[in-house]
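Asks: These are the residues of each chain, in order.
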Amino acid sequence: MTETPTTEAIDTEVADVVSMEHIVKRFGAVTALRDVSMHLKQGEILGLLGDNGAGKSTLIKILTGFLQPDDGQIFINGQEVKLRSVSYARSLGIETVYQDLALVNQLSVYHNMFLKREELFTPLPFLNNRSMREKAAESLKKIGVNIPSVDTEVAKLSGGQRQAIAIARAVYSNAKILLLDEPLAAMGAKEGTLILELIRNLKAMGEVSIIMIAHNYAQVLEICDRINMLQHGAITLDKLTSDTSLEELNELVMREYRIGAASSHQ
Amino acid sequence: MAENTVSGTTAPQAEPEPAEPEQGRQSFWSTLVHFFLRRREASIVIIAIALLIYFQSANSDFLSTESVRTLFQYFAATAIIAAGEVMLLICGEIDLSVGQVFALAPFIMYFAYQNGLPIWVGIILGLLVSALVGLLNGLITVFLRVPSFITTLGALFLLNGINLTISNAFPVLTPQLGTFNEVMGHGGYSEIIWAVVIVIVMQIILSYTRWGLYTVAAGGNLLGASETGVNVKAIKLRNFMLTSVFGGFAGILEAFRIQSIDPLAGGTAIMFAAVAGAVIGGTALAGGSGTIVGALLGTLVISIIKDGLTFIGVNANTFDLILGAAILVAMIVNVRLQVLREAGRQ
Chain R
0 MTETPTTEAI DTEVADVVSM EHIVKRFGAV TALRDVSMHL KQGEILGLLG DNGAGKSTLI
60 KILTGFLQPD DGQIFINGQE VKLRSVSYAR SLGIETVYQD LALVNQLSVY HNMFLKREEL
120 FTPLPFLNNR SMREKAAESL KKIGVNIPSV DTEVAKLSGG QRQAIAIARA VYSNAKILLL
180 DEPLAAMGAK EGTLILELIR NLKAMGEVSI IMIAHNYAQV LEICDRINML QHGAITLDKL
240 TSDTSLEELN ELVMREYRIG AASSHQ
Chain G
0 MAENTVSGTT APQAEPEPAE PEQGRQSFWS TLVHFFLRRR EASIVIIAIA LLIYFQSANS
60 DFLSTESVRT LFQYFAATAI IAAGEVMLLI CGEIDLSVGQ VFALAPFIMY FAYQNGLPIW
120 VGIILGLLVS ALVGLLNGLI TVFLRVPSFI TTLGALFLLN GINLTISNAF PVLTPQLGTF
180 NEVMGHGGYS EIIWAVVIVI VMQIILSYTR WGLYTVAAGG NLLGASETGV NVKAIKLRNF
240 MLTSVFGGFA GILEAFRIQS IDPLAGGTAI MFAAVAGAVI GGTALAGGSG TIVGALLGTL
300 VISIIKDGLT FIGVNANTFD LILGAAILVA MIVNVRLQVL REAGRQ
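Chains as they are written, first to last, in numbering that gives the first Met the number 0: chain R, 0 to 265; chain G, 0 to 345.
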């Protein structure tokens, strides 16, 4: 009984934006994902927890279209889709903010935000910097990101500001489903608060649904609506944040550790 | 004097508040100081002016029309090559073989002309062959993942061998076609006009087009730029071809100017002068930043030093010694200024 996932009854009134059903992914002899079903509701922040090697990255890479599953189905807004490439996933509104942020230090904030989506004085091939500058400033203001100026080189920004710019870029590209890969990693408490605030603002606007990979349980409990725990390629917990606690999450991880320790003694 | 009195009498009428112009002047000076601290190119201009003053005071013929024209002629071809090399350096690559393309392109033009084709067809063929060399350099670097330093070092020797073989190691005379020769480099200021036009066009491309933006992105964060969807391979290929075409074009201009085509023209000397000019002008060898205008000014500084040393009668043997030391001093001063700039920003 304790081996089966503890799944809560889910509020069925809100539609699933993403629903992944029975996803299996193998790399040769290694099974990275055994049978994973994950659901993301409209406007929700879902925290995806799990140790290194639990399969978080694999699951996220499948959703970004970077990897294709060996088995299982993916539904976006109720429609079954085959996420065959990153650009196809992106065309469906799935945007990822990677840990390395993919920002160019030597370019200004607004050039980074508009990279690959530049505005031109069509039919002339020249960049419409004024328009991009204004729109960048406006969209940063809208989601509550404070930086000295959009003309600032990204190299001169703090880690938290850079993370905020990367998130703002994803949001500005009309992301409907935002995947954040450890947005709070390697960040001081103050910077972390800034990002949590930004994510809260995004939720309040209600246009994006967010899956957030994280390690810090306290922060996840603070910001997420629901938590999924991934252990050894399967989801072992799927609960609303209000129905779980730091103790329960720790207990789950400790149990995993004990099982691992016991099996290694055999 | 006349200007002073005019502005003196009109000022009270034009500006009701007398405090206005005073304040304007103050902010003008602080703006100027800020500009010089902020723009790396500005400190190069100061170095160039200081050098001009020094050489002019050492020999009053230094800034004569004749001498300035000679300076421009030496400097123009290098500045054209530097305009391409900067684009490559910004996207994180380098072309060491451009000096050999400089020698090859006019030979292609010459052979085409000898075989009865019009000279302009010869020029186009020369530039196409240059582009092909750039394409091959780029393909080997981008797709076979050989570092461009090695790829173009190989190309340098390979092309030098080709140049010596096809010419039998002898120079030939450039075809004489009157006005065409004047426009294509023989005219006193023709080469410098070409150089300035190319620099302006390339600076606009670098600052105000996608090509420039992606060049900086590829050099600044290669992985990040490709994750964002920038086709970094295509950008690098394009810049390899551009550098090579500029090398070939500079070689053709020089062939018309000196009226002969030499298989040993250009070579590593002009390539290193162009790279040094770019670096003195603020281009980072590691990629991600640099300007075409800066490279033009850096090349100008090198040319002024080289020309000036000849003017004050420095022995040819100590020439490189002084040039090398001057480059080091210029760079050390620039790095110190960079530190000041960083401090000034915070």
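Errors might be hidden in some of the hints.
[As the list claims (entries may be wrong)] Derived Cβ-Cβ restraints for the label pairs, each shown as a range: (1) G:L127 / R:F74: 37 to 45 Å; (2) R:P124 / G:Q55: 39 to 47 Å; (3) R:M253 / G:W210: 37 to 45 Å; (4) R:F26 / G:N230: 53 to 61 Å; (5) R:K189 / G:L127: 57 to 65 Å; (6) G:L222 / R:T192: 47 to 55 Å; (7) G:W210 / R:A154: 21 to 29 Å; (8) G:R144 / R:A217: 38 to 46 Å; (9) R:S84 / G:L222: 38 to 46 Å; (10) R:D69 / G:W210: 53 to 61 Å; (11) G:I123 / R:P124: 22 to 30 Å.
None of these hints come from the bench; they were simulated from the model. For clarity, every value in this text was computed on a predicted model and none was experimentally measured. Where is the CB? At the ideal position from N, CA and C, for every residue including glycine.
Asks: Which numbered hints are broken by the structure, listed smallest first?
Replies: 1, 3, 4, 6, 9, 10
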